[in-house]
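Q: Now for the letters of each chain:
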Amino acid sequence: MQQADYILCECALAPLEAFVRELEPQCTVQVIRHPAVVITMIRAEDSVEGQPFYLGEALVTECELNVDGQAGFGLCLGDEPVRSYCIAFMDALLLLADGRLPWVQAFLEEQEALIADRLQTEHAHIQRTKVDFKLMEEE
Amino acid sequence: MGYVAVKGGDDAIAHARVLVEFYRLREQTPPITIQQMRTQMRLAVDKVMGEGGLYAPEYAAIALKQSEGEVFEAAFILRAFITTLQRRYYSEAIDTREMFVRRKISASFREIPGGQVLGPTRDYTQRLLDTALTEETEETIGRFLAELEGHIDPQQLAAVTTYDKVIDLLRREGLLKPVENEEDTTLKDITREAIKFPAPRSARLQMMARAETGGLMALGYSSLRGFGNTHPTVCELRYGTVPVRVKDPSGRIRYIGKIEVTEAEMITSTTCTSKKKVLPFYTIGYGLCFGQNDTKAICMGILDRAMRSPDGRSPATDQEFVLYHTEGIEAMGFVNHLKLPHYVTFQASLSNVRAALRRAGAASLETVSETV
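Top line first, the protein sequences correspond to chains A and B.
Residue numbers for the first sequence, in the numbering used here: 53 to 191.
Residue numbers for the second sequence, in the numbering used here: 482 to 853.
Quick caveat, the hints were computed from the structure, so don't treat them as lab data.
For the chain A half of the interface with chain B, some residues (derived, Cβ under 10 angstroms), not all of them: (1) Leu60; (2) Thr92; (3) Glu101.
Built from N, CA and C at the ideal position, the CB exists for glycine as well.
Throw the hints in and build the complete structure from the sequences for me.
A: Put into structure tokens, the structure is as follows:
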């Protein structure tokens with residue numbers, strides 16, 4: 053299974069929110085830092101010489117929760133208060149690694165498959181534009 | 482001519498702003514949704530993000546709507562917006578070798594790793610006005626998408642992969658010019674520290690990454706046309722998405738999403754002196770920007786290369802000329818300041834000119850008016 057953060061950032065928001073709402077009543081949730089938009093500076097490197105430089109900034113939403121005594125941090129690109137909250141919640145559950153872990157893992161595996169399917173379909177469309185130009189002398 | 486402050490006009494300024502909205506809305510057409518702007522004005526949104534220096538597609542779409550499609554103004558709004566937020570994170574360096582590639586081409590090599598993939602592009606097509614767009618409906622869009630899906634067999638989907646870069650092939654063969662040590666490689670942030678010339682390469686790349694596409698194109702083109710020596714070829718041009726990772730407050734590296742970028746590696750030949758021998762090599766100019774913007778990435782690559790070989794004659798090789806004049810927000814601001822009241826200073830100038838002309842006499846006045 054790929055990294056949980058990847059799945060939580062890339063999956064559709066509706067099933068993620070529904071899953072978190074379902075688990076929330078079983079937990080004691082304390083909001084340490086409400087979802088808030090902040091800025092991240094994106095660092096890049098020239099691909100030849102490895103020269104580092106700043107490409108530009110990106111809007112990010114961050115959230116911090118305490119779930120059953122475990123801190124969880126949620127971070128994602130964009131103005132995404134609900135997603136950042138859900139990521140923080142899932143982060144805490146993954147770190148707790150208690151009896152709810154199998155549910156969490158099942159959810160992540162299900163979403164991972166959906167993301168992979170979406171990407172593979174897009175990839176298939178892109179591959180239809182693959183080209184092999186012939187040199188004029190070859191014709 | 483200097484400034485003299487004016488005051489007043491608050492009501493007129495407020496009414497002028499309302500009048501802008503009146504002209505935007507008076508035909509009572511259905512409001513354009515932000516989602517529509519974001520998806521159907523995709524390339525304009527990319528430009529606004531790139532020139533605003535903020536990756537935030539939704540906010541760039543809002544700015545574009547707010548500015549009635551004026552990209553300069555929208556980018557200005559985003560730049561202003563950034564200043565209202567706290568910068569809490571610095572990402573790990575993004576790696577374009579991890580790119581989910583939507584487009585990758587090389588004009589230098591016919592066969593490249595993974596093959597040439599045109600991706601979403603209007604290259605090679607005729608630019609005919611598509612009047613059928615006036616008839617576009619949700620039904621026609623649905624039919625288009627269904628037909629497209631019909632070309633894909635969901636049971637035969639290939640795994641997504643990443644690709645080696647063309648430059649890696651050149652590097653393995655020892656064809657790339659060895660990295661020079663004399664250049665300043667420190668990492669500067671031009672949003673925190675005013676640029677000084679000569680600027681380190683990091684500052685030049687950062688400024689060009691948020692420069693105005695048209696400005697970069699004009700100067701890049703000038704180099705190609707002979708006002709400079711840089712006339713490279715596209716070694717590789719890529720567009721796609723790359724993962725962004727940051728260190729969270731607990732110190733863990735976290736994936737936070739992906740951003741769309743266009744990357745250009747522009748190849749040109751050069752020489753290098755080694756052990757009293759002059760050897761031919763290839764060297765690369767590098768371009769990277771937010772969103773899909775081939776022109777910007779290519780011209781950034783041309784100018785990156787050109788500025789590393791200053792010749793004292795060509796604008797494209799002059800750091801200050803390139804970086805100050807491609808900075809769209811500052812350029813727009815300075816040009817537009819000419820509309821602000823200069824009454825007092827101009828009146829002073831006018832008095833001087835009138836007095837001088839009076840002193841010169843009526844005969845000279847006629848001559849002057851003919852030459853103005």
